[in-house]
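Number of protein chains: 2
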Amino acid sequence: MKKDTIIIGAGLVGSLLSIYLSKKGHKVKLYERRSDMRKEKIVAGRSINLALSDRGIKALEEVGIMEEIKKIAIPMHGRYIHNADGSTAYQPYGNDGQFINSVSRGELNKMLMNLAEANGAEIFFNEKCESINWKENKISFQHTANFLPTIINYQLFFGSDGAYSAARLNHQLQHDRFQYQQHYIDFGYKELTIPSGSNGEFLMEKNALHIWPRGNFMLIALPNIDGSFTCTLFFPFEGETSFASLDTKEKVKIFFEKTFADAADLIPTLEDDFFNNPTASLVTVKCFPWIRDNKFALIGDAAHAIVPFFGQGMNCGFEDCSVLNNLIGKHNDNWKNILEEYQILRKPDGDAIAQLALNNFIEMRDKVGDPKFLLQKKIEAAFSKKHPDKWTPAYAQVTFSPQIRYSDALKNSIKQEAIMQQVMALPDIENIWQTGEVEQMMLEKLLG
Amino acid sequence: MKKDTIIIGAGLVGSLLSIYLSKKGHKVKLYERRSDMRKEKIVAGRSINLALSDRGIKALEEVGIMEEIKKIAIPMHGRYIHNADGSTAYQPYGNDGQFINSVSRGELNKMLMNLAEANGAEIFFNEKCESINWKENKISFQHTANFLPTIINYQLFFGSDGAYSAARLNHQLQHDRFQYQQHYIDFGYKELTIPSGSNGEFLMEKNALHIWPRGNFMLIALPNIDGSFTCTLFFPFEGETSFASLDTKEKVKIFFEKTFADAADLIPTLEDDFFNNPTASLVTVKCFPWIRDNKFALIGDAAHAIVPFFGQGMNCGFEDCSVLNNLIGKHNDNWKNILEEYQILRKPDGDAIAQLALNNFIEMRDKVGDPKFLLQKKIEAAFSKKHPDKWTPAYAQVTFSPQIRYSDALKNSIKQEAIMQQVMALPDIENIWQTGEVEQMMLEKLLG
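Protein chains in written order, with numbering that gives the first Met the number 0: chain A, 0 to 447; chain B, 0 to 447.
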């Protein structure tokens with residue numbers, strides 16, 4: 000049965016969800032608080048470039064739009080590490096042919112909005128959700144420019160309005176015993192830009208995710224199709240070396256030249272951008288339940304906001320859409336059953352990727368510069384190549400293996416890490432790691 | 000310097016805090032959302048009787064009011080266990096002379112309000128906190144009966160308004176990166192009453208906390224000075240045996256007669272009370288920060304709401320007052336330093352007692368009926384008696400040892416539990432536990 004469906008939030012997940020639901024024949028209206036980004040210059044400075052990987056790609060392929068998206072995606076085959084001493088190193092993300100894709104959030108969102116409309120969805124902009132009447136299935140919006148109210152009825156309703164979801168807040172306020180958690184890490188981020196060269200060329204290796212790991216903080220850079228790189232500094236809010244302490248242009252200049260010398264040379268507007276661009280915070284949100292009866296569900300960041308360090312926020316949200324779509328088929332349009340199973344399936348996966356993303360922050364900022372850690376990854380990679388049926392590295396499980404649930408990837412990664420701790424504790428591991436004894440030990444531990 | 004001090008919430012902690020601050024010379028006004036319980040009949044049915052123990056007693060003694068409170072306290076020397084088969088057992092809480100005290104929440108609160116006023120604090124009732132202007136140090140209240148607004152200035156401000164604190168919400172709404180977590184367990188509680196006998200006598204052992212442990216749920220009963228017992232049923236909200244499933248008076252009667260036979264006989268108004276009294280929920284709240292500058296702090300449940308299973312909610316809140324009071328002396332009225340150290344000291348202790356309280360739920364409802372668990376407690380008690388400097392049981396650390404911080408008690412309890420798991424895994428432990436080998440093993444593990 001075709002339903003009058005309302006989606007709050009025309010971001011990446013809301014737009015994709017509208018395509019899925021329109022294709023099923025539902026009449027979809029998207030309500031977006033912001034203005035239409037396709038008609039205005041995007042406000043600079045708060046977007047980390049996205050890393051589109053296999054879970055997201057699978058969801059885009061299912062509705063036949065991946066070919067279109069590919070036009071704005073740049074493959075990144077590995078991490079390009081810029082060490083403090085000026086040396087560099089390269090770590091492939093996976094096997095040959097495995098890569099993630101740098102995509103501009105703005106460009107991707109615009110393209111998804113166009114595809115949403117092309118599939119029959121209507122998008123209403125500048126509409127802020129004010130309140131929800133759960134008994135009468137009505138949502139009240141106020142226009143952010145002319146302040147006019149709108150009240151609409153829904154038969155089916157999704158909240159895909161992000162980490163600070165208004166749909167979730169209204170759900171929470173009228174729900175007994177709502178489980179809720181918001182956790183901020185002590186680090187914020189700031190966007191900076193490395194422009195293209197004078198002929199539009201890339202000034203660093205194009206097909207890689209660049210990282211400057213510095214122990215307690217890091218800078219990253221992802222390529223854009225115009226030859227520029229979007230850089231993001233992940234940095235403590237407070238402390239000796241922090242956003243609080245870098246309080247003059249002079250200090251920023253000296254700090255970057257000393258700490259990120261090769262990057263500093265490539266960011267001509269560094270000091271201005273540092274003070275003009277906002278410092279954004281990083282939150283993990285967990286909540287439960289995600290659904291109401293047969294009528295409402297949270298999806299994407301609104302259900303499970305995570306930190307960006309595994310590059311999975313968008314991919315997870317897109318996978319939500321794909322899972323939901325499969326359940327529509329399975330339960331034959333019985334929305335009570337669809338939403339209940341959606342929640343049962345996805346809540347543990349949302350919790351798991353939240354944890355994996357926090358863990359990866361430590362790996363990226365701290366460990367990728369550590370020779371011992373690099374050896375560990377090398378041993379894992381060699382073992383995995385020899386026994387692909389027995390060992391897939393955690394990164395690859397999350398990034399390149401949509402058939403493995405996040406919750407299973409987390410469990411596997413904990414087991415693997417315990418084994419690798421024992422391997423790395425072997426005396427003289429640097430020299431013996433290619434021996435049969437080490438291989439045998441790993442095989443035995445895997446059985447245990 | 001004497002300060003105009005506002006406390007929101009004239010519950011147990013707010014009232015006691017006002018006594019502490021009045022004694023230091025501050026001009027204290029308490030604003031309470033409810034009406035004056037001293038003038039009205041207390042609404043039945045939502046209070047678990049309190050177990051006042053050494054941390055709370057220490058705080059009451061410091062302001063010289065424990066002698067007064069003793070008049071309404073009934074010592075409970077141990078747990079009196081009512082098994083499903085009709086047998087009973089008794090577990091002392093600690094050594095001779097160690098006990099906790101059953102106190103009626105209502106009676107204690109009334110007494111503390113009287114003492115607050117006697118010490119110079121003013122209490123304003125029916126005043127609901129509407130908003131807080133943190134920049135101008137103003138709080139807006141609205142009277143719950145005549146709806147008149149009041150705006151007051153503060154120099155110092157405490158939020159002691161409980162788990163659903165309005166002070167905390169206003170603090171949160173105007174705070175960047177506020178850490179917040181609310182977690183409900185799947186169990187609720189309901190108050191029931193065992194009245195006194197026809198001559199005002201107690202119909203069960205007076206000086207004990209009665210427990211009917213039944214695996215997944217439990218009933219408890221605490222004595223009142225009038226000869227009655229306040230009973231509390233802790234019970235799943237949903238499921239086969241739950242508040243949801245006991246939906247007729249007939250079902251309640253049959254269930255109680257079968258499950259709590261000896262208690263059912265003593266609760267004449269069981270079925271009526273079961274449906275007239277509300278089913279209350281059990282929440283743990285964690286947040287951070289608890290303070291603002293030199294002017295504001297959360298205290299008691301408003302800072303750290305916990306489940307009631309260790310009988311520490313009030314005791315922890317009273318200890319907050321005592322810790323704060325010591326810091327006032329230490330920092331010589333420098334409120335920036337006082338509040339900062341208060342938060343640094345008490346946040347980990349609040350987190351620890353929250354965890355201990357959740358753990359104790361499982362112990363009370365499930366383990367206290369288990370012979371293996373009882374043996375474990377016996378072994379611990381014997382070892383502790385022989386080596387009092389080396390081993391204090393976790394319950395005694397929390398309940399009878401105010402000199403041990405909650406955070407240390409939690410750490411110790413984890414270590415002890417790990418040792419006891421190894422002891423209990425010894426073959427034939429039932430027969431060998433009094434041997435020197437077991438004692439020696441425990442001594443060695445303690446060193447390791």
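Any given hint could turn out to be false.
As the list claims (entries may be wrong) - Okay, derived cross-link-like pairs now, DSS-like style, lysine-lysine, Cα gap no bigger than 30 angstroms in a straight line:
#	chain 1	residue 1	chain 2	residue 2
1	B	K285	A	K285
2	B	K134	B	K385
3	A	K346	B	K134
Unchecked claim - Computed, partial: chain A to chain B, Cβ under 7 angstroms:
#	residue
4	F123
5	F124
6	N125
7	K127
8	Q171
9	H174
10	Q180
11	H182
Just so you know, the hints here were simulated from the structure itself, not pulled from any lab data. For each residue, glycine too, the CB sits at the ideal point set by N, CA and C.
For each hint, the structure was consulted:
Using a Cα cut-off of 30 angstroms, the hinted pair K285(B) and K285(A) holds, with the two alpha carbons roughly 14 angstroms apart. For the suggested pair K134(B) and K385(B), the alpha carbons sit about 58 angstroms apart, so the restraint of at most 30 angstroms is broken. In summary, the hint linking K346(A) to K134(B) is not supported, as the alpha carbons are separated by about 40 angstroms, beyond the 30 angstroms threshold. Interface hint status for F123(A): violated, as the beta-carbon distance to the closest one in chain B is roughly 28 angstroms, over 7 angstroms.
Among the interface hints, the one on F124(A) is violated; its C-beta lies about 27 angstroms from the nearest C-beta in chain B, farther than the 7 angstroms criterion. The beta carbon of N125(A) is not positioned within 7 angstroms of any beta carbon in chain B (closest approach about 24 angstroms), and the interface hint is therefore violated. The interface hint given for K127(A) is broken, as the beta carbon of that residue sits about 17 angstroms from the closest beta carbon of chain B, more than 7 angstroms. Interface hint at Q171(A): violated, since its Cβ lies 9 angstroms from the closest Cβ of chain B, which is beyond the 7 angstroms cut-off.
Among the interface hints, the one on H174(A) is violated; its C-beta lies about 10 angstroms from the nearest C-beta in chain B, farther than the 7 angstroms criterion. Interface restraint check for Q180(A): the shortest CB-CB distance to chain B comes to about 4 angstroms, inside 7 angstroms, so the restraint holds. The interface hint given for H182(A) is met, as the beta carbon of that residue sits about 6 angstroms from the closest beta carbon of chain B, less than 7 angstroms.
Comparing the model with each numbered hint stated earlier shows that hints 2, 3, 4, 5, 6, 7, 8, 9 do not hold.
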